[in-house]
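**Q** So the chains spell out like this:
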Amino acid sequence: MNLKEKLISSFLAFEDYLEDDSPIHDLRNTAIKNFEVKGFPTKKDEAWKYTSLNSLLKEDLSVFPKQESAIDFKDVKKYFLHEIDTYKIVFVDGIYSSFLSSTTHEGMDICLLSAALSKDKYKPIIENYFNKVVKEDSLTSLNTAFAKEGAYIFIPKNKEVEKPVEIINFYTGSEAALMLQPRNLIIVGENAHIQIIERHQSLSTNAVLTNAVTELFCEKRSMVDYYKIQNDLPEASLIDNTYIKQERDSVCSLHTFSFGGKLTRNNLNFYQWGEHCNSILKGITILEEKQHVDHNTLVHHIAPNCESHQDYKGIFDDSSTGVFNGKILVEREAQKLDAFQQNNNILISDKATINSKPQLEIFADDVKCSHGCTIGQLDEDALFYLRSRGIGQKEARALLMYAFANNVLESVKIPELKKRINRLIARKIGVSLGFDL
Amino acid sequence: MLDIKNLHAGVEDKDILKGINFHVNPGEVHAIMGPNGSGKSTFASIIAGKEDFEVTKGEILLDGQDIIDMAPEERAHKGIFLSFQYPVEIPGVTVTNFIKTAINETRKAKGLKDMPAGEMLKMIKEKADLLEIDRKFLSRSLNEGFSGGEKKRNEIFQLAMLEPKLAILDETDSGLDIDALKIVANGVNKLRNPKNAVVLITHYQRLLDYIVPDFVHVLMDGKIVKSGTKELAYELEEKGYDWIKEEVKA
Chain A
1 MNLKEKLISS FLAFEDYLED DSPIHDLRNT AIKNFEVKGF PTKKDEAWKY TSLNSLLKED
61 LSVFPKQESA IDFKDVKKYF LHEIDTYKIV FVDGIYSSFL SSTTHEGMDI CLLSAALSKD
121 KYKPIIENYF NKVVKEDSLT SLNTAFAKEG AYIFIPKNKE VEKPVEIINF YTGSEAALML
181 QPRNLIIVGE NAHIQIIERH QSLSTNAVLT NAVTELFCEK RSMVDYYKIQ NDLPEASLID
241 NTYIKQERDS VCSLHTFSFG GKLTRNNLNF YQWGEHCNSI LKGITILEEK QHVDHNTLVH
301 HIAPNCESHQ DYKGIFDDSS TGVFNGKILV EREAQKLDAF QQNNNILISD KATINSKPQL
361 EIFADDVKCS HGCTIGQLDE DALFYLRSRG IGQKEARALL MYAFANNVLE SVKIPELKKR
421 INRLIARKIG VSLGFDL
Chain B
1 MLDIKNLHAG VEDKDILKGI NFHVNPGEVH AIMGPNGSGK STFASIIAGK EDFEVTKGEI
61 LLDGQDIIDM APEERAHKGI FLSFQYPVEI PGVTVTNFIK TAINETRKAK GLKDMPAGEM
121 LKMIKEKADL LEIDRKFLSR SLNEGFSGGE KKRNEIFQLA MLEPKLAILD ETDSGLDIDA
181 LKIVANGVNK LRNPKNAVVL ITHYQRLLDY IVPDFVHVLM DGKIVKSGTK ELAYELEEKG
241 YDWIKEEVKA
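So the protein lines, in turn, are chains A and B. Just so we're aligned: 374 in my numbering is position 374 of the first sequence, and the numbers increase by one with no gaps anywhere. Just so we're aligned: 134 in my numbering is position 134 of the second sequence, and the numbers increase by one with no gaps anywhere.
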């Protein structure tokens, strides 16, 4: 039985085990049918031309973990932003860990999706928001079919969330190979502010494939800073499907730091429904060995007077491969738009590959849209300059790589996170520099 | 200190330096002048270790040790400093962080511990004052958006911080107005002592009014064709290079 068949047959058991009156019961059934028709994407699909899931799908992936595993905080402390106080929504093998989490219902909800799906008082919100901004593609449908757990965040009007929220998914390796379908629903009310950090972390060398879906609703004048840390073990793969709907005057920034994992695919979709929205998409990708990261972004400009800024930097060593496929779609009504997209890449090794493909579809006539893409090596003159000052070759290269990535880091608004990312970059590049990064 | 014997070098099949002999003692200031394309900058880059050029013949001895096979950073650790004609812009690295890294990497190579932060700060302050550099300038990205004059002043600031044995200043005067030139020259003069030496590469005699050389050499077509004292520089300023070409031919 291949994975698709396994998933479809597992779904029947899954639905049986859930309560029938779930508000998303019908959605799940529609979604599994959609997945059954569409199947997993292949390289024949234009959007998947440079990323193949074949080798991942051949693994004998378990669809449900058989046992619950507990982990000690001290063993995983380093994966949290432990220097500061945060809200935490933590899952172990897809199951909520109350022990590791720190949630709240005081004046806002920072908790679990399973709770929101099962309690009556959340029903209107689920009906209004759940599955409302997603694409009907096969992987999103697959996640919808199996959606039962993830983060649920509801921030009411005018609320400034005083500390960041961490959403962390741990995998213990309790199964030889596991597939997970976490589902996050985040609603940030009018004029509310929030900072969110999301990471997926494997704790063993057993294979894991995560197919995550996040829906984020940014209401009028809200401000959202979202950070995704992708620094997983070489056996872990992630397909991240994130959908963001922005209402007027909202500002949403999303940073993706891709330093690890086997295969990472980021399907990041922004929809600007109101005027004067600002969407900021930034990424640093540093890969080695046979790692693969695919950034597939869409910014859909629907309303006038909006802005979007995309800035993705990639450093590729060994036989690593990267993809940047950035689409900006401008509707006829989206006049006076200012959209900017940049993708710069450095190939360290002769065997590394990057496929960079900007896609601009513009139906409005009074817009400013620019894009740029570079693929190059480290600047030899700059290397000589640094070395002539006594900085060794390895350190000089590191300094240049750091400098290359640095302007993406400047917009990280949580100082402790910035330090953490700096350290990750230094470690990834393999040096300790003579100053505090 | 520096002893260069019959140095031939070039790129691929093109010879640029065609047998240079050049000798510098501690405490001396040498000026190398010459028309465009005579090989002056190549000569400076080769001493600093630029790998784009291949040395085909000859020796470069620093304190008796051949440095031809040494990496640029090793030469820097031994006390060679090149002030670049065109300093490279490196966005994302501040002047301060860059100089700290350079100093501590050099100390590490000598088996020393990092310079204590307080000491480093004091030194940065002192040297910045010497070159009349605004403190704000130090937290800017290295050379990014600097004017020509700021870049050159930043080079001399690095020279002051690293205190090399042999400083080679490649066209440091170009892009400087007269006030900046005086500040830079004053900085270089204050750093001079009986143990170090300076090699000035320049088109113009102007700089030599402020940093007075002990010897002036004319580099032409990859060779030093004439050497003399500072009076030679005045003669070149007045008469140009043609008379030397004639002399060489004859």
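Keep in mind that the hints were calculated from the coordinates and are not lab data. Misleading hints may appear alongside valid ones.
Taking lysine-lysine pairs in the DSS-like style, the calculated list, with each CA pair at most 25 Å apart, reads [said to hold, decoys possible]:
(1) A:43 x A:88
(2) B:50 x B:165
(3) B:57 x B:223
(4) B:182 x B:230
(5) A:123 x A:157
(6) A:394 x B:18
(7) B:136 x A:413
(8) A:44 x A:357
(9) A:419 x B:136
(10) B:110 x B:136
(11) B:136 x B:165
(12) A:394 x B:78
(13) A:38 x A:6
(14) B:5 x B:165
(15) A:351 x A:290
(16) A:418 x B:78
(17) B:14 x B:230
(18) B:50 x A:394
(19) A:290 x A:394
(20) A:394 x B:108
(21) A:394 x B:110
(22) B:57 x B:230
(23) A:88 x A:159
(24) B:57 x B:18
**Q** Residue 50 (chain B) and residue 394 (chain A): Cα distance at most 25 Å?
**A** Roughly 16 Å between the alpha carbons, so the hint for residue 50 (chain B) and residue 394 (chain A) holds.
**Q** Below or equal to 25 Å on CA atoms is what counts here, so check residue 5 (chain B) against residue 165 (chain B).
**A** holds (20 Å)
**Q** Check whether the Cα positions of residue 38 (chain A) and residue 6 (chain A) lie no farther apart than 25 Å.
**A** holds (15 Å)
**Q** Take a quick look at whether residue 57 (chain B) and residue 18 (chain B) sit within 25 Å of each other, Cα to Cα.
**A** It holds: about 9 Å lies between the C-alpha atoms, which stays within 25 Å.
**Q** Would you mind confirming whether the straight-line C-alpha gap from residue 182 (chain B) to residue 230 (chain B) stays at or under 25 Å?
**A** holds (18 Å)
**Q** For residue 50 (chain B) and residue 165 (chain B), compute the direct alpha-carbon distance and say whether it is at most 25 Å.
**A** holds (19 Å)
**Q** For the pair supplied as a hint, residue 419 (chain A) and residue 136 (chain B), confirm whether the alpha-carbon distance does not exceed 25 Å.
**A** Status holds; Cα separation ~23 Å.
**Q** Checking one constraint from the list: CA of residue 394 (chain A) to CA of residue 108 (chain B), max 25 Å. Satisfied?
**A** holds (14 Å)
**Q** Given the hinted pair residue 394 (chain A) and residue 78 (chain B), is their alpha-carbon gap at most 25 Å?
**A** Measuring from Cα to Cα gives roughly 19 Å; hence the hint holds.
**Q** Hinted pair, alpha-carbon criterion (25 Å max): residue 57 (chain B), residue 230 (chain B). Please report holds or violated.
**A** Violated, because 30 Å separates the two Cα atoms, which is more than 25 Å.
**Q** Take the C-alpha atoms of residue 57 (chain B) and residue 223 (chain B), compute the straight-line distance between them, and say whether it is at most 25 Å.
**A** With Cα atoms ~14 Å apart, residue 57 (chain B) and residue 223 (chain B) stay inside 25 Å; holds.
**Q** Is the hinted pair residue 43 (chain A) and residue 88 (chain A) satisfied, with a Cα-Cα distance of at most 25 Å?
**A** Violated: residue 43 (chain A) and residue 88 (chain A) sit about 37 Å apart, past 25 Å.
Hint compliance for this structure: hints 1, 6, 10, 11, 16, 17 and 22 are broken, all remaining hints hold.
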